[in-house]
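**Q** Residue numbers (this note's numbering), protein chains in the order written: chain A, 120 to 576; chain B, 120 to 576.
The hints are simulated quantities; they were obtained by calculation from the structure and are not laboratory data.
Please note that a few of the clues may not be correct.
With a straight-line cut-off of 27 Å between C-alpha atoms, the simulated DSS-like cross-links for lysine-lysine are [to be verified]:
1. B:K435 x A:K217
2. A:K435 x B:K217
3. A:K140 x A:K217
4. A:K217 x B:K330
5. A:K330 x B:K217
6. A:K122 x A:K198
Chain B stretches covered by chain A per the calculated footprint, using a threshold of three residues with CB under 8 Å from any CB of chain A [unchecked claim]:
7. 132–141
8. 174–183
9. 326–340
10. 395–403
11. 515–527
12. 558–568
From a predicted model like this one, the values you see are computed outputs, not experimental measurements.
Note that CB positions come from ideal geometry on N, CA and C, so glycine has one too.
Number of protein chains: 2
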Amino acid sequence: MTKDVENWLAAQDAATIETLKDFCRIPSVSTDPAFAADVRRAAQFVVDRLTDAQLPTVELVETDGHPCIFAEWIVDPAKPTILIYGHYDVQPPDPLGKWQTPPFEPDIRNDRLYARGASDDKGSLLIPLMVARAYAAVHGAPPLNLKFLIEGEEESGSPHFAPTVAAMADRLACDLVVSADGAMWRADLPSITVASRGMLAMELTVRGASKDLHSGRHGGSAPNPVRALARMMASLHDDDGRVTVPGFADAATPPDPAIIDAINDVAFDVADYFDSIGAPRPDPLPDGPALLTRQWLVPTLEFNGISGGYAGQGTKTVIPSEAAVKITCRLVAGQDPDAVFAAIRDHLTAVRPAGYTMDLHRHGPGSKAFALDPDMPGLAVAEEILTDIMGTRPLRVAMGATIPIGAVFAAHLDVGTIFFSFSTSDEDYHAPNEFYRLSSLRSGQIAWARLFDRLAL
Amino acid sequence: MTKDVENWLAAQDAATIETLKDFCRIPSVSTDPAFAADVRRAAQFVVDRLTDAQLPTVELVETDGHPCIFAEWIVDPAKPTILIYGHYDVQPPDPLGKWQTPPFEPDIRNDRLYARGASDDKGSLLIPLMVARAYAAVHGAPPLNLKFLIEGEEESGSPHFAPTVAAMADRLACDLVVSADGAMWRADLPSITVASRGMLAMELTVRGASKDLHSGRHGGSAPNPVRALARMMASLHDDDGRVTVPGFADAATPPDPAIIDAINDVAFDVADYFDSIGAPRPDPLPDGPALLTRQWLVPTLEFNGISGGYAGQGTKTVIPSEAAVKITCRLVAGQDPDAVFAAIRDHLTAVRPAGYTMDLHRHGPGSKAFALDPDMPGLAVAEEILTDIMGTRPLRVAMGATIPIGAVFAAHLDVGTIFFSFSTSDEDYHAPNEFYRLSSLRSGQIAWARLFDRLAL
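Based on the sequences and whatever the hints tell you, model everything.
**A** Have a look at this one:
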C-alpha cells in the first residue's frame, strides 16, 4: 500500500543524501560549550525538515541546556498516535588525527557516508523526517497521528530530557514511541532491542586514621583502609564473578523467552569477543550463550575506579587514611534501584571490619531496566516489516547498556518504545571514521513508510 | 673519670647553646635544590666544629648529591675505634604558617630550643662534636680512636650514603658505630633501639582488556582488573590482618628477649594509640603487648596506594583496562628481601584469576632488618651509662620503621650500631614547631663523655 510513497522516496535518493551531508556538516557537539551555536543550528535544521514535511505544529522547546524539537500532526483523533524520538547532537570528534577525512566534511566511499554523527543519529533520524515528508507530498498527510520529540543532549547524558517529557506529558500522549536511535546489534543480523539494563551508581569510601601515617612506624598496628576496602570488595562477588550480595537479584523477573532463543541461536564467538577487546582468553573459555546471558540478562556490580594513598611514581611509605571505589550496577527487569542500593549497603555494613568507618554515597537516582512487553502489537508489526525487507526474521536482543529513554517514556507516558534504528553497532559511532551505510538510509525509509502504514490500521 | 671533661662542658653551656642556634639558623633542607648552598654551608659548619675539636683529619667527601664529612683521630692503633654517625640536613619546614616562631630563627621557650632540625639531628649531632672538643681541650686527645661520617641526605632517603660507605670501607673500619641520630622512643622512658624492620617495596599491576570498556555494554562479560586486584589483595591477609603468603615469614629469627620484656613492661595504652592517630577504636581492642609486637616485631605487608579507572568527581561507566597497588613490606631479622619477594610473587601468580595478566614490579633492592647482637659489649656499656644518668634502666626497644644505616654499616663494615641519640620522638621533628630539650643537650654530653671513657677500656 506504500508503493507510491516508496517510489517518491526512491526518486529523492540523491537529494536525501545531500540533505544528510548538510546535516552532518553541522558540528553539533553537545558536550562542548564551544559548539553551542552549531548545536542550535542543528536544531533549526530539524525544525526546517519538519516544516518541509508540512507538520502543522513545529516548536523549539527550550530547556536549561540545548533545546528539544516538538512537532505534531493529528490527522484524526480516532487513529493511533506514535511519538518519534531521535537526537540531533553528536559525539566529540576527537581524536581528530585518526580520521581519514575531516569529521564534519562528509565523504562517500563504498556506499558509506563518513562523518561524525552520520550513524549516531543523523542518518537514522533523517529517515522518519523524509518518510513524513513523502506521505505529505504523495497523500497530503500521514496515515496516522505523528508526534516528534527530538533532543539535543543525548551524547551528554540527556540531563534535561526526562524533566521535559514529564512537563510535556499531556502533549506527548501517544500509543507507542518509535525511536530512530539505538543501533542494531550486528550488521549481519537484523535485530530489535527489546530490553536494556538499568543503572545504579555509588561510591564506597573506607576510612581509618584521620591522616596518612608512616607505614614503617605504624605498619601492622594501624588500620589500613586499602586493605579493608579490598576485603569488602572481594566479598561482593564469588570466584566466577557472580554478585554475592544477599537480596541483590531477588526481585529480577524472567526475560522475554525470545531473547533466550536469540542467545542460543546466534552462535556468539567467545574467543573472538575476548580478542576484540584485547583481553587474554580465559581458560577455560565460557560458552557463547553463558557469556551473552551475562552481558544482556544478568545484573552486574562493576568497579569503575579505585583510589587511595600514593599514586605517583615509585614508592611512598604511607598508610593512607582513606580509600574509595566507584561502583555501577546494571539492573535487569524487576530490580528496583532503591532496593538494590539498600541490599548493597546492608551487606557492606555487615562485612566492614572493626576499626574502620565507611560511607556509601549514591550518585543520582539510577534507572530501572527497560523491557518491552513481548506481546505488544507494535513489536510484531515491526518484526514483520523487517523480515519482509531483510529476508530474515530479526532477533529480539537485549542490551547490556542502559537506554534511559525507554524507561523515561514508560514512566511518564506509560507506553512502550520500539527501537527502529537503521544504524548498526559496527559503524564506529563514538570513534573516529564514523560512517553510515547508504543502503540503510534506503531500506530504512521503506521500513518506516511501511511502519506508518501498518500501525495506522 | 670524666669529671674534668664534664666540668669543661658545663662551663661551655651558654656558648654551646649559641653554637646550636647558629647551626639551626642554616636552612639545610636537602630535598629542595633551592637550598643547595645552605646545605653546603651546614656541611662547612660541621667541618669547622671538627676542626675546633682538633681532629687531625677532616675532609669534605663529595658524592653525586650533598657531601659527607669524614674525620678521624687515631690516638693509638691498639685502642678501640668508634665511628660516629649523624646528619646535618633537615626536613622541609612546611607548613610554614603553623610555626609559632620562624623555623630558622631559633627561639628558646621553657628550656626548649625551637627550630627546624634542632631535634633531628643538629642538637644530638652537636653533642659528640662538643665532647670530642672537650677531650681535646682538657686531655689533649680523646681516650679512644674516633672516626666521624656525617651525611647531608638523610632526610632525602640517603641515596648516596651506602655507596659512600662501600667505597670508603677501609678508611671507615672500626669496632663499633655510635649513631647520634635515631630518637628515643618516649620522653618519659629512656630506651635504646636495638632492632628495626627492613623494607621491601613493589607494585602489582593487573590488566584485563587492552583499553577501557563501556561498563554497560561489557559489564558481566569482560574482565574487570579492579575486581581481580581486590580478590588478589584480599588473599594476602587473614581477617585479623596477618599476612597469609606461604613462606612469607618462615626465615624470621626470634627477637632479643629484652625487647619482649620491654613490650610486656611498658603498659602501652592502646586506646590512646588509636585516639592519637585519629582512628576509631577497634572493638574488641587488642591488648598493648599484642599491638606493640605487631608494630615492632611482626613483618608486615601494607598497601600504600591503589589506582585504576576513573578517579574524578561523580561517576563514569567504564571497566578499567588495568589497576595497580603499591605495596611495602617491613621485614624482621632473618627475612631476606629476595626470598620474601619471591614468596609474594609465587602466591600472587597462584591466585591470579584466569583471563588477566599481572606484573609485579620491585622498587629497589630493599633492605634487611637491623638487629643488634644482644650480647654486644658496647650495648651493655651504653645501658649502664644511661641507667646512671637517667636513674632508670633503659628499655631495649625495636622500631617498626626502617633505619637503613644500621644495615648499611653491618653490610659494609661488619660492625654493630648503637643508637645513642638524645632526641625523643615527641619533639615534632618532621612537623611544625620542632624543638630540642636543652636538658637533653646537657645530659647527652655527659653520657657521650662517659661513653668515650668506658669504650676506651
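**Q** Next step is simple, just say for each hint if it's right about the structure.
**A** Hints and how they fare:
no.	hint	in the structure
1	B:K435 x A:K217	24 Å, holds
2	A:K435 x B:K217	24 Å, holds
3	A:K140 x A:K217	20 Å, holds
4	A:K217 x B:K330	17 Å, holds
5	A:K330 x B:K217	17 Å, holds
6	A:K122 x A:K198	21 Å, holds
7	132–141	violated (count 0)
8	174–183	violated (count 0)
9	326–340	holds (count 13)
10	395–403	holds (count 8)
11	515–527	holds (count 4)
12	558–568	violated (count 0)
When held up to the earlier numbered hints, the structure conflicts with 7, 8 and 12 and fits the remainder.
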